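Chains as they are written, first to last, in this note's numbering: chain A, 50 to 293; chain B, 50 to 293; chain C, 50 to 293; chain D, 50 to 293.
Note that these hints are calculated values from the structure, not bench results. Treat the numbers as computed from the prediction; the structure is a model and nothing was measured. There could be a bad hint or two in this list.
Which copy is meant is left open, so a pair is good if it fits within one copy or across any two.
Claimed, not checked - The calculated DSBU-like cross-link candidates involving lysine-lysine, where the alpha carbons are at most 35 Å apart (straight line), are:
| no. | residue 1 | residue 2 |
| --- | --- | --- |
| 1 | Lys289 | Lys130 |
| 2 | Lys278 | Lys289 |
| 3 | Lys289 | Lys177 |
| 4 | Lys289 | Lys66 |
| 5 | Lys191 | Lys289 |
| 6 | Lys67 | Lys278 |
There are 4 protein chains.
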Amino acid sequence: MTDPIRVTVWNEYRHEKKSPEIAAIYPKGIHGAIADYLRDRRGMKVRTATLDEPDHGLTEAVLADTDVLIWWGHTAHEEVKDEIVERVHKRVLDGMGLMALHSAHVSKIFRKLMGTTCELKWREAGEKERLWVIEPSHPIVKGLGEYIELEHTEMYGERFDVPPPDVLVFVSWFEGGEVFRSGCVYYRSRGKVFYFRPGHETYPIYHNPQVLQVIGNAAEWLAPVECPKPIYGNVQPLQKIGEK
Amino acid sequence: MTDPIRVTVWNEYRHEKKSPEIAAIYPKGIHGAIADYLRDRRGMKVRTATLDEPDHGLTEAVLADTDVLIWWGHTAHEEVKDEIVERVHKRVLDGMGLMALHSAHVSKIFRKLMGTTCELKWREAGEKERLWVIEPSHPIVKGLGEYIELEHTEMYGERFDVPPPDVLVFVSWFEGGEVFRSGCVYYRSRGKVFYFRPGHETYPIYHNPQVLQVIGNAAEWLAPVECPKPIYGNVQPLQKIGEK
Amino acid sequence: MTDPIRVTVWNEYRHEKKSPEIAAIYPKGIHGAIADYLRDRRGMKVRTATLDEPDHGLTEAVLADTDVLIWWGHTAHEEVKDEIVERVHKRVLDGMGLMALHSAHVSKIFRKLMGTTCELKWREAGEKERLWVIEPSHPIVKGLGEYIELEHTEMYGERFDVPPPDVLVFVSWFEGGEVFRSGCVYYRSRGKVFYFRPGHETYPIYHNPQVLQVIGNAAEWLAPVECPKPIYGNVQPLQKIGEK
Amino acid sequence: MTDPIRVTVWNEYRHEKKSPEIAAIYPKGIHGAIADYLRDRRGMKVRTATLDEPDHGLTEAVLADTDVLIWWGHTAHEEVKDEIVERVHKRVLDGMGLMALHSAHVSKIFRKLMGTTCELKWREAGEKERLWVIEPSHPIVKGLGEYIELEHTEMYGERFDVPPPDVLVFVSWFEGGEVFRSGCVYYRSRGKVFYFRPGHETYPIYHNPQVLQVIGNAAEWLAPVECPKPIYGNVQPLQKIGEK
Numbered sequence: 050m051t052d053p054i055r056v057t058v059w060n061e062y063r064h065e066k067k068s069p070e071i072a073a074i075y076p077k078g079i080h081g082a083i084a085d086y087l088r089d090r091r092g093m094k095v096r097t098a099t100l101d102e103p104d105h106g107l108t109e110a111v112l113a114d115t116d117v118l119i120w121w122g123h124t125a126h127e128e129v130k131d132e133i134v135e136r137v138h139k140r141v142l143d144g145m146g147l148m149a150l151h152s153a154h155v156s157k158i159f160r161k162l163m164g165t166t167c168e169l170k171w172r173e174a175g176e177k178e179r180l181w182v183i184e185p186s187h188p189i190v191k192g193l194g195e196y197i198e199l200e201h202t203e204m205y206g207e208r209f210d211v212p213p214p215d216v217l218v219f220v221s222w223f224e225g226g227e228v229f230r231s232g233c234v235y236y237r238s239r240g241k242v243f244y245f246r247p248g249h250e251t252y253p254i255y256h257n258p259q260v261l262q263v264i265g266n267a268a269e270w271l272a273p274v275e276c277p278k279p280i281y282g283n284v285q286p287l288q289k290i291g292e293k
Numbered sequence: 050m051t052d053p054i055r056v057t058v059w060n061e062y063r064h065e066k067k068s069p070e071i072a073a074i075y076p077k078g079i080h081g082a083i084a085d086y087l088r089d090r091r092g093m094k095v096r097t098a099t100l101d102e103p104d105h106g107l108t109e110a111v112l113a114d115t116d117v118l119i120w121w122g123h124t125a126h127e128e129v130k131d132e133i134v135e136r137v138h139k140r141v142l143d144g145m146g147l148m149a150l151h152s153a154h155v156s157k158i159f160r161k162l163m164g165t166t167c168e169l170k171w172r173e174a175g176e177k178e179r180l181w182v183i184e185p186s187h188p189i190v191k192g193l194g195e196y197i198e199l200e201h202t203e204m205y206g207e208r209f210d211v212p213p214p215d216v217l218v219f220v221s222w223f224e225g226g227e228v229f230r231s232g233c234v235y236y237r238s239r240g241k242v243f244y245f246r247p248g249h250e251t252y253p254i255y256h257n258p259q260v261l262q263v264i265g266n267a268a269e270w271l272a273p274v275e276c277p278k279p280i281y282g283n284v285q286p287l288q289k290i291g292e293k
Numbered sequence: 050m051t052d053p054i055r056v057t058v059w060n061e062y063r064h065e066k067k068s069p070e071i072a073a074i075y076p077k078g079i080h081g082a083i084a085d086y087l088r089d090r091r092g093m094k095v096r097t098a099t100l101d102e103p104d105h106g107l108t109e110a111v112l113a114d115t116d117v118l119i120w121w122g123h124t125a126h127e128e129v130k131d132e133i134v135e136r137v138h139k140r141v142l143d144g145m146g147l148m149a150l151h152s153a154h155v156s157k158i159f160r161k162l163m164g165t166t167c168e169l170k171w172r173e174a175g176e177k178e179r180l181w182v183i184e185p186s187h188p189i190v191k192g193l194g195e196y197i198e199l200e201h202t203e204m205y206g207e208r209f210d211v212p213p214p215d216v217l218v219f220v221s222w223f224e225g226g227e228v229f230r231s232g233c234v235y236y237r238s239r240g241k242v243f244y245f246r247p248g249h250e251t252y253p254i255y256h257n258p259q260v261l262q263v264i265g266n267a268a269e270w271l272a273p274v275e276c277p278k279p280i281y282g283n284v285q286p287l288q289k290i291g292e293k
Numbered sequence: 050m051t052d053p054i055r056v057t058v059w060n061e062y063r064h065e066k067k068s069p070e071i072a073a074i075y076p077k078g079i080h081g082a083i084a085d086y087l088r089d090r091r092g093m094k095v096r097t098a099t100l101d102e103p104d105h106g107l108t109e110a111v112l113a114d115t116d117v118l119i120w121w122g123h124t125a126h127e128e129v130k131d132e133i134v135e136r137v138h139k140r141v142l143d144g145m146g147l148m149a150l151h152s153a154h155v156s157k158i159f160r161k162l163m164g165t166t167c168e169l170k171w172r173e174a175g176e177k178e179r180l181w182v183i184e185p186s187h188p189i190v191k192g193l194g195e196y197i198e199l200e201h202t203e204m205y206g207e208r209f210d211v212p213p214p215d216v217l218v219f220v221s222w223f224e225g226g227e228v229f230r231s232g233c234v235y236y237r238s239r240g241k242v243f244y245f246r247p248g249h250e251t252y253p254i255y256h257n258p259q260v261l262q263v264i265g266n267a268a269e270w271l272a273p274v275e276c277p278k279p280i281y282g283n284v285q286p287l288q289k290i291g292e293k
């Protein structure tokens with residue numbers, strides 16, 4: 050019996066408080082919808098954290114108790130304090146998984162981990178998207194069919210300015226003529242990162258069973274490995290050096 | 050002054066002989082259209098070879114004198130002799146570049162190099178395709194814009210059953226709802242391989258200036274590197290072994 | 050409660066029958082040593098199969114009932130029937146994991162999956178090897194330290210003629226001056242492949258707890274994902290094509 | 050006739066001014082040694098820039114006129130102004146190649162591009178290193194043998210805390226028992242990055258013909274591709290959206 054995965058779902062949580070329409074879709078916030086699924090359907094130990102809490106809810110203690118951090122932000126990326134970004138970055142490199150959802154592509158933490166601008170094309174026209182499974186042997190796609198279809202969604206298009214993914218899991222098709230690498234795995238130090246495109250504040254994307262399935266699968270995949278902590282710096286030789 | 054790149058354009062060359070419509074599009078064959086471009090516009094030293102020649106035109110001498118082999122086949126993959134496939138395979142691993150075009154995805158040589166079935170979805174409905182540039186710093190995309198648009202083409206859709214490309218250069222969007230990894234680079238032994246999707250016998254794809262531009266760029270990229278030939282087998286230690 | 054992983058450990062099983070020294074190290078054969086560990090310590094459902102059984106022990110029924118196939122061969126690669134290699138290849142592409150150990154680098158099945166010669170340098174001088182962990186967040190390294198040290202082993206050196214691994218997990222150092230990519234993950238169709246270097250008939254490598262730990266971890270990683278089975282061939286559009 | 054590649058060789062240039070021993074090895078500075086080779090032997094258009102110049106010698110005008118920036122720093126990484134790091138970062142993402150040499154692994158610019166700590170093990174014991182060629186078809190290894198041997202050098206050992214390279218070109222063996230991914234290619238936005246390990250202030254590494262050969266090859270490889278500049282932000286559909 051292994052311990053349940055400890056997940057922290059972070060949400061900017063501004064849209065839901067300002068807009069009754071959005072609140073109607075996500076009465077407990079986007080974080081609440083995701084947290085409920087992971088807790089009730091996947092047996093994970095879930096907490097949530099939001100921008101307006103002290104330390105954005107991401108104290109050292111919370112991060113130390115987190116296996117996987119899920120990040121959703123949109124309008125207030127700049128309000129996230131650099132000090133907290135540093136703290137999260139350090140914890141990811143130390144093994145905590147990070148899942149960046151949708152507009153988190155330009156969150157400070159995702160950009161810092163990627164080293165590129167992470168920009169893209171976008172359009173809000175409620176168009177159709179199909180996320181095609183590209184790597185069917187990766188645990189993130191467990192239980193899916195050949196693609197996930199979202200009837201109405203915001204478009205994100207290439208070029209997506211990220212490093213080549215270490216595993217490319219999904220590629221999206223959009224009605225208006227674009228494609229997008231919509232599921233990207235990265236190995237970064239002792240941590241793993243997954244970018245997953247779907248999600249929007251005004252579409253009920255996080256109630257879609259397949260989208261939730263992927264988020265649950267990814268949380269399992271991102272959980273840290275009890276792995277070797279490398280030693281850095283000046284070291285003694287393992288083997289004698291010199292003439293033989 | 051470097052020597053010109055030596056290219057051999059191989060074509061099954063059956064469609065053009067049977068169908069006046071296809072012959073009208075490619076009076077010198079598909080191989081002829083590609084060869085003319087590479088010779089006249091890119092300054093390469095080009096020969097052609099076809100299925101019905103002795104050894105399919107691919108003698109040891111021809112291969113030894115070839116830097117880059119371009120392969121187009123469609124209806125007669127099974128007629129290519131295994132012995133010749135072995136010969137080409139060996140030469141690719143020895144450094145010769147291989148460019149597999151369109152329906153060459155199920156050619157014997159490409160499948161042998163990939164180790165997978167290389168199957169895909171397809172549809173002939175004359176639909177629109179856009180090949181989006183995914184890796185803009187790769188020499189294969191030199192001189193292009195953000196995408197190449199082909200007004201009427203055959204669809205190829207995921208899942209494309211190939212190993213994850215070592216560089217993913219293009220992803221295609223198709224009108225009917227599919228996506229496709231349409232430009233894929235592979236490092237294989239001392240040789241390099243490029244799969245490029247566009248091309249069809251009844252659409253004038255190989256007269257499209259951007260498609261030709263990519264083929265020319267890829268031929269440059271695929272040309273062998275004057276590189277270290279590894280020694281395999283039983284070797285002496287470079288360093289004394291034993292107690293110190 | 051998930052079902053136990055079903056593993057088949059395949060061994061050429063010639064050395065152990067001919068040499069009392071080797072039999073003394075592996076009284077139940079190399080396959081027996083590995084099978085015992087996976088069954089007793091990792092709770093897997095394990096069977097074994099060997100070259101001299103009918104169909105080399107790899108009937109359609111056995112393969113259909115196998116999640117992960119572990120392969121050890123050395124002196125008799127050529128005796129493995131092509132028909133059986135085809136059968137195993139097909140099953141790997143259909144989702145069964147394959148772990149190729151040590152001299153299985155030139156087994157027919159591994160070469161077929163890689164598409165290259167899979168050759169390397171080698172030397173039997175009983176020298177020291179260190180397998181350094183390169184990707185500490187990958188599940189295959191769970192529970193290890195920074196490296197595995199093998200006091201006396203056969204050397205395998207670069208260049209190892211394989212495609213660039215999709216994940217490079219270990220790199221080995223050898224006393225005599227060579228390095229080697231000794232743990233390589235590949236995604237191939239719906240299956241996953243792991244090459245793991247350690248192992249030899251006259252050194253007790255498969256009694257080493259860390260080597261066994263990796264084999265157990267890898268078997269867990271290689272187990273098939275309940276994943277989308279792609280449809281290949283001619284398909285209807287998901288979206289209407291034509292003028293709008 | 051193509052224009053010569055425009056290279057800027059940047060050096061911290063402190064060691065050479067403080068230590069007569071180092072000045073004796075590099076009378077014109079490390080930058081001078083590299084610049085001379087690229088200019089005289091490779092026909093490139095080379096300038097140099099150093100830490101103590103205004104803007105560290107890296108004005109907007111200089112960067113705009115640079116195809117490839119080579120970076121060497123060791124003791125004064127923290128003195129490099131963040132503003133200049135931002136400027137270089139932006140220019141790399143816009144297409145300028147970056148070659149980070151040796152101790153530049155912890156330069157601000159390399160860390161920013163990688164998103165990880167870029168730390169490693171090290172030891173100054175004048176031990177032997179062999180850089181084995183791992184990908185013999187990559188243009189960076191043109192003209193080499195199977196490995197480069199450096200008789201006396203500083204050791205850098207795994208784990209090297211960088212993202213998995215997009216191409217792994219060299220792996221080093223060290224006498225004392227370590228390995229290191231010593232030649233790593235990264236695609237980052239429209240620019241390319243190459244990390245190359247050899248180099249030290251007190252060993253005459255940058256007079257070694259093979260090391261210089263690699264630096265010259267890499268400068269050619271890193272030169273920008275006349276490539277599509279992606280459009281980011283809100284875009285119109287290429288295709289009409291809605292019911293058909």
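To see whether the hints hold, each was checked on the structure:
no., hint, verdict
1, Lys289 / Lys130, "neither (48 Å within a copy, 41 Å between copies)"
2, Lys278 / Lys289, "both (24 Å within a copy, 32 Å between copies)"
3, Lys289 / Lys177, "between (64 Å within a copy, 12 Å between copies)"
4, Lys289 / Lys66, "between (65 Å within a copy, 34 Å between copies)"
5, Lys191 / Lys289, "between (49 Å within a copy, 30 Å between copies)"
6, Lys67 / Lys278, "neither (44 Å within a copy, 37 Å between copies)"
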